Amino acid sequence: MAFEGLSERLQSALAKLKGKGKVSEADVKAAMREVRLALLEADVNYKVVKDFVSKVRERAVGQEVLKSLTPGQQVIKVVNEELTQLMGGAQSKLELTSKPSVIMMVGLQGAGKTTTTGKLGRYLKKQNRRPLLVAGDVYRPAAIRQLEVLGEQVELPVFSMGDQESPVTIAEKGVAEAKDQDYDTVLIDTAGRLHIDETMMEELKAIKEKVEPDETLLVVDAMTGQDAVNVAESFNRELGLTGVILTKLDGDTRGGAALSVRSVTDCPVKFSGMGEKVDALEPFHPERMASRILGMGDVLTLIEKA
Amino acid sequence: SKTSASLAGAMSSVFSRNKIDEELYEELEDILISADVGVDTTMEIVDRLRVEVKERKLKDPEELKPLLSEILVDMLKGEGDEAGMNQNPDGLTVILFVGVNGVGKTTTIGKLAHHYKEEGKKVMLAAGDTFRAGAIEQLEIWGDRVGVDVIRHQEGSDPAAVIYDGIQAARSRGADILLCDTAGRLQNKVNLMEELKKVHRVIGREVADAPHESLLVLDATTGQNALQQAKIFKEATNITGIVLTKMDGTAKGGIALAIRRELNVPVKWIGLGEKMDDLQPFNAEQFVHALFAKEVEKETGGA
Ligand SMILES: Nc1nc2c(ncn2[C@@H]2O[C@H](COP(=O)(O)OP(=O)(O)OP(=O)(O)O)[C@@H](O)[C@H]2O)c(=O)[nH]1
Ligand SMILES: Nc1nc2c(ncn2[C@@H]2O[C@H](COP(=O)(O)OP(=O)(O)OP(=O)(O)O)[C@@H](O)[C@H]2O)c(=O)[nH]1
Ligand SMILES: [Mg+2]
Ligand SMILES: [Mg+2]
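Line by line, the protein sequences give chains W and U.
Its first residue numbered 1, the first sequence is counted upward by one per residue in this note's numbering.
Its first residue numbered 1001, the second sequence is counted upward by one per residue in this note's numbering.
To be clear, the hints were calculated from the coordinates, so they are not data collected in a lab.
Keep in mind that a hint or two might mislead.
Said to hold, decoys possible - Interface residues of chain W toward chain U, partial, derived using beta-carbon atoms under 10 Å:
id, residue
1, Y139
2, Q146
3, V149
4, G162
5, G243
6, G251
7, P283
To be verified - Okay, derived cross-link-like pairs now, DSBU-like style, lysine-lysine, Cα gap no bigger than 30 Å in a straight line:
id, chain 1, residue 1, chain 2, residue 2
8, W, K50, U, K1275
9, W, K47, U, K1059
10, W, K208, U, K1275
Just so we're clear, the structure is a prediction, and the values are computed from it rather than from any experiment.
Glycine residues also receive a C-beta, built at the ideal position from the N, C-alpha and C atoms.
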């Protein structure tokens, strides 16, 4: 895989650049060529890459080179700082203020919404909340059954009205049920849909208007390629997202979609899905994601040691 | 959307530039990258284009379009008619479906069952995903919809045993085709890939030359990781073809070009929606056309 040669390539690009007081344009150019390739191979959207590269170039040129670093390493240091910054810097938490607090899960087909609904319910229960899961996918075969099985696994109740009611009604009744029964958090699972499917996007808007969620979370598969920007942009425009959950990060993808989504929506990534089991959910760490996308953990360690 | 509109703009602007220069090649690279073709494959495509332009002494950017299509179609086609499905001429045909989580394996099985049933074949399904919540019920609903039998065990049981039973049942009921579902798994999970190898072995032991097709289901929205998926699933189950799903979205599925180039696995089917007739045989010319024209068509068609 192209991936494996990256660190080496970077090292050799950097090796040529040694012992100058200031970072020159030539230094930056050589290093940024490798960075650009690394980001593209990690599936960061090509436009996001362009913007990023020109921004870093500006910042890096003319910088004093730290004693311990070569100019190339200095550039990488800047790249990593900017990338972490772009990814949100610090970790972001859920903002749950209403009673009950409502969380709506949205996204493309197969992204991991239903599984993550179960995981997040479990996570919030551990924080001493009383979650109710709502089965709002009436389209996918056995979607309700899937959420019910997950509900059993995490020992949480599932509110369902079968697949003959509209998702808007189900969401509304689910929230009413939570009020009645004193649940403080409602997690609404919705059917997967394409961002260009107008009817289905209207349905989400209608649900959102009725239940006024505290959090509208876009669930994104970490393996998503260049199209991630289109998807995120549309969902954000139609719904006003409050956060993103990146799933399937237990795979070996570099996960550049994280950067694409972040930069077009300006929404923080709040959690990472790390497996199929209900306990495989972790808070998202921007700085770890930055080095994963760059695929050069060793280069960074080298810089940290210096 | 804004992004797709500007992409469409980029597509037509490439071929309507007034000369073939470096800028044009760079724009073309961007377009291929934005379709998930990947850096290496994009470079090869553009290099081949450069060579041809020189040899044929082309000057007009308009002439690039057919040339580029030719290169891409050629890359996708390989030799012979590999797009067709291999079938057992006398007896049971077994088709295995593999892939990472959530790509569309179970749905594609429903669609393909419908396709073969329409052709008058007797089709059966084996519920080899015994892991994911609701997976067996999902396949059973598809079985009902299409009107074919589903062989199932309990949740949590051994997938190889379900597939074994599926084969015995298909034989005794005189089925022509058995479609085997498996649980989604990420290719870096070593023990899950071992489990899949066992399923593959059981099929081969029970029916000579089976599975007749081992299809990797790939979500068209996937980026460069799809290449790694194809590589590892090929090692485990000797995949014979790809089903590219969710092509009804805005993703282009360009990674199929890289997979063909590096691993020589052909795309056989395209998934275009969630209903049972949303499946089409792969057509290289159409695919390449869509790679460049899809956004434009959507805009004019949808306006
Ligand atoms: N390895 C891994 N698999 C995951 C993760 N999250 C979800 N999955 C799997 O991905 C597949 C799809 O998950 P679902 O929860 O059904 O996805 P969904 O978005 O609800 O799908 P639709 O309702 O069909 O749109 C299942 O096989 C899940 O087990 C994750 O973090 N890691
Ligand atoms: N738009 C669209 N959606 C599709 C297509 N194929 C499958 N889907 C949807 O994608 C989601 C996942 O499909 P499944 O068939 O459950 O995928 P799977 O690979 O069996 O998933 P796991 O068994 O969990 O690994 C479902 O919501 C399907 O309806 C397609 O071609 N287009
Ligand atoms: Mg779901
Ligand atoms: Mg399945």
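Compare the structure with the hints numbered earlier in the document and write down the numbers of the violated ones, lowest to highest. 4, 5, 7 and 8
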